[in-house]
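Given only the sequences and the hints, what does the whole structure look like? Please build it.
Same order as they appear, the protein sequences are chains A and B. The opening residue of the first sequence carries number 1 in this note's numbering; numbering runs sequentially from there. The opening residue of the second sequence carries number 269 in this note's numbering; numbering runs sequentially from there.
FYI, nobody ran anything at the bench for these hints, they're computed from the structure. Remember, it's a predicted structure, so these values are computed and weren't measured experimentally. Just so you know, not all the hints are guaranteed correct.
Said to hold, decoys possible - Below, simulated EDC-like cross-link-like pairs (lysine to aspartate or glutamate); rule was C-alpha separation at most 20 Å, straight line:
hint, chain 1, residue 1, chain 2, residue 2
1, B, Lys457, A, Glu166
2, A, Lys238, A, Glu185
3, A, Lys230, A, Glu202
4, A, Lys101, B, Glu330
5, A, Lys160, A, Glu185
6, B, Lys457, A, Glu63
7, A, Lys101, B, Glu472
8, B, Lys342, B, Glu330
9, A, Lys160, A, Glu190
10, A, Lys222, A, Asp31
11, A, Lys108, B, Glu472
12, A, Lys160, A, Glu71
13, A, Lys126, A, Glu185
14, A, Lys101, A, Glu166
15, A, Lys222, A, Asp200
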Amino acid sequence: MDTAATGTAPPLRAIRISKEYLGGSFKALDDVSFELRENQITAFVGPSGCGKTTMLRIVAGLEYPTRGRLEVFGKPVVGPGPDRGMIFQAYTSFPWLTAQKNVEYGMKLMGIGTGERRERANGFLKLVHLEKFAGSYPRSMSGGMKQRVALARTLAQNPKVLLMDEPFGALDAQVRWEMQELMIELIEREKKTVVAITHDIEEAIYLADRIIFFSRQPGRIKADIPVDFKNGRRYQRKEELVRLPGYADLEHRLFAMMREEIQETKTA
Amino acid sequence: MQESRAAAIGAPNHAGHEAANDPAPLFVAPKERFLEFRLQPTSQRAWMLGTLGALGFFGLWELGHYLTAESARKFLPSVEQVARALYVLFSERNFLHDVLISCYRIFVSFFAASAVGVPIGILMGCFGNVRALLNPTLSGWRYLPAASFIPLLLVWFGPTDLAKIALLFIGVIFFLISLILDNTRAVPKELVEAALTMGASRREALTGVVVPAAMPTVLDSMRNMIAVGWTYLVIAEIVGAQDGIGAVMMRAGRFLNVDTIMAAIFTIGVLGILTDVLFRVAQHLLFPWNVERRS
Numbered sequence: 001m002d003t004a005a006t007g008t009a010p011p012l013r014a015i016r017i018s019k020e021y022l023g024g025s026f027k028a029l030d031d032v033s034f035e036l037r038e039n040q041i042t043a044f045v046g047p048s049g050c051g052k053t054t055m056l057r058i059v060a061g062l063e064y065p066t067r068g069r070l071e072v073f074g075k076p077v078v079g080p081g082p083d084r085g086m087i088f089q090a091y092t093s094f095p096w097l098t099a100q101k102n103v104e105y106g107m108k109l110m111g112i113g114t115g116e117r118r119e120r121a122n123g124f125l126k127l128v129h130l131e132k133f134a135g136s137y138p139r140s141m142s143g144g145m146k147q148r149v150a151l152a153r154t155l156a157q158n159p160k161v162l163l164m165d166e167p168f169g170a171l172d173a174q175v176r177w178e179m180q181e182l183m184i185e186l187i188e189r190e191k192k193t194v195v196a197i198t199h200d201i202e203e204a205i206y207l208a209d210r211i212i213f214f215s216r217q218p219g220r221i222k223a224d225i226p227v228d229f230k231n232g233r234r235y236q237r238k239e240e241l242v243r244l245p246g247y248a249d250l251e252h253r254l255f256a257m258m259r260e261e262i263q264e265t266k267t268a
Numbered sequence: 269m270q271e272s273r274a275a276a277i278g279a280p281n282h283a284g285h286e287a288a289n290d291p292a293p294l295f296v297a298p299k300e301r302f303l304e305f306r307l308q309p310t311s312q313r314a315w316m317l318g319t320l321g322a323l324g325f326f327g328l329w330e331l332g333h334y335l336t337a338e339s340a341r342k343f344l345p346s347v348e349q350v351a352r353a354l355y356v357l358f359s360e361r362n363f364l365h366d367v368l369i370s371c372y373r374i375f376v377s378f379f380a381a382s383a384v385g386v387p388i389g390i391l392m393g394c395f396g397n398v399r400a401l402l403n404p405t406l407s408g409w410r411y412l413p414a415a416s417f418i419p420l421l422l423v424w425f426g427p428t429d430l431a432k433i434a435l436l437f438i439g440v441i442f443f444l445i446s447l448i449l450d451n452t453r454a455v456p457k458e459l460v461e462a463a464l465t466m467g468a469s470r471r472e473a474l475t476g477v478v479v480p481a482a483m484p485t486v487l488d489s490m491r492n493m494i495a496v497g498w499t500y501l502v503i504a505e506i507v508g509a510q511d512g513i514g515a516v517m518m519r520a521g522r523f524l525n526v527d528t529i530m531a532a533i534f535t536i537g538v539l540g541i542l543t544d545v546l547f548r549v550a551q552h553l554l555f556p557w558n559v560e561r562r563s
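Following this line, the structure appears as structure tokens:
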């Protein structure tokens, strides 16, 4: 699992990132640095207002940091680009395009020809189990289906890093569970480096190989926790995962950290 | 089936003392009222009620006519008299020419207003700087009554088509811009952000995402504004025109031909409904993705 020793540049490196507002009097992020390892899933966890969303949006290039820089495989990046694919919490599949055309959209921007585009779109629609809905518009789809269209569209661009901002936050519990299992399946198959924001501690442990916990005001990394009780495996079945020794300890630790954060601001 | 299986595994019989094989008695819902919250009438009933409303209107009108003193009845002609006046207008006075002239003025001026207003509205909706540049000035213009430009337009252009088209243009465009500005701002910003993260340029995000996303509501705004256009058309034609529906009405007014005035008003109403239908059909044809489809 550990590829850091090979000496190649990591898929993403955030170097001393700060985001200040109001001329520096409010710091959403304060000197945050981290590196992603290839084919790892990292979860950003933390209380509301801890800067994890800001951090993700800075990585995506949708916002700019006040200080610091970003590198993708050693190359500095400024602004958004298809090397960093993003899945939003809000449904972003384009309502005026069919599922098929939605998946083709990103590839079209990349200049991929019609024939190859169609073929690859079909493949990715199949991957997210939407091949029967290729000709449907998002309007006639459920939230989970719209989110799968967005996922297929992003994966079809073959991004180096996949960013997810609470992608299942708007879904109901059962669909959310199905989407989480689908995510594990897809990431195992597509070999992606992933960063996912979540409020949900259980979801973080289920999806992530590593959890970065943010504290708030100013936003800093409070803890960088490897999810090593999984022994480098990903479990698609939650019922297997929760029985592993170490699961309860990690969950307990994260809940305790979350409580600490909440109480700190209560007394502050 | 399910109940017998439930009984077989010893689940409690929720039907209580009644036999499990009998269907439960029908639920007696309270009587449906005319003023019922959340009630959507069936399309058949909606048609019926709509017809009833129209008949009621014509009935009241007819009643008003017969309740008016004999000597004053010509000021409130009956439905039949107006219908006859309408027939005479078309068959003997070449009213079709006036109708077509008015339609021409409406569509030319509205097309011009849209051609200018839609792009400006979209740019203002997208970009804060454009908004800051234009909004204060345009907001001021919105408060100027278009009719107050009539003397100016008459001085500039005389009683020409151009004067009328300019009045319609002025009357419509500033409201159109502000509606389209709102339509554009209502496009979820995540759609644009998603396009940007996929590598879209600003131009691609504008033409490929913002424009198609806003188009259905933009068309709705246009549909609403063309109705306002009809108002200004009549004003323009009443003030200084030889032809057009407004001019016909003005001439009829001079001879106290109330039935002709009403026939012309009625014609405008029908044209308005037709315009509305046209826009709705366009909405369906252009944006099928925006139409609820039940299969």
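Violated hints - listed by number, lowest first
Of the numbered hints, 4 and 14 do not hold.
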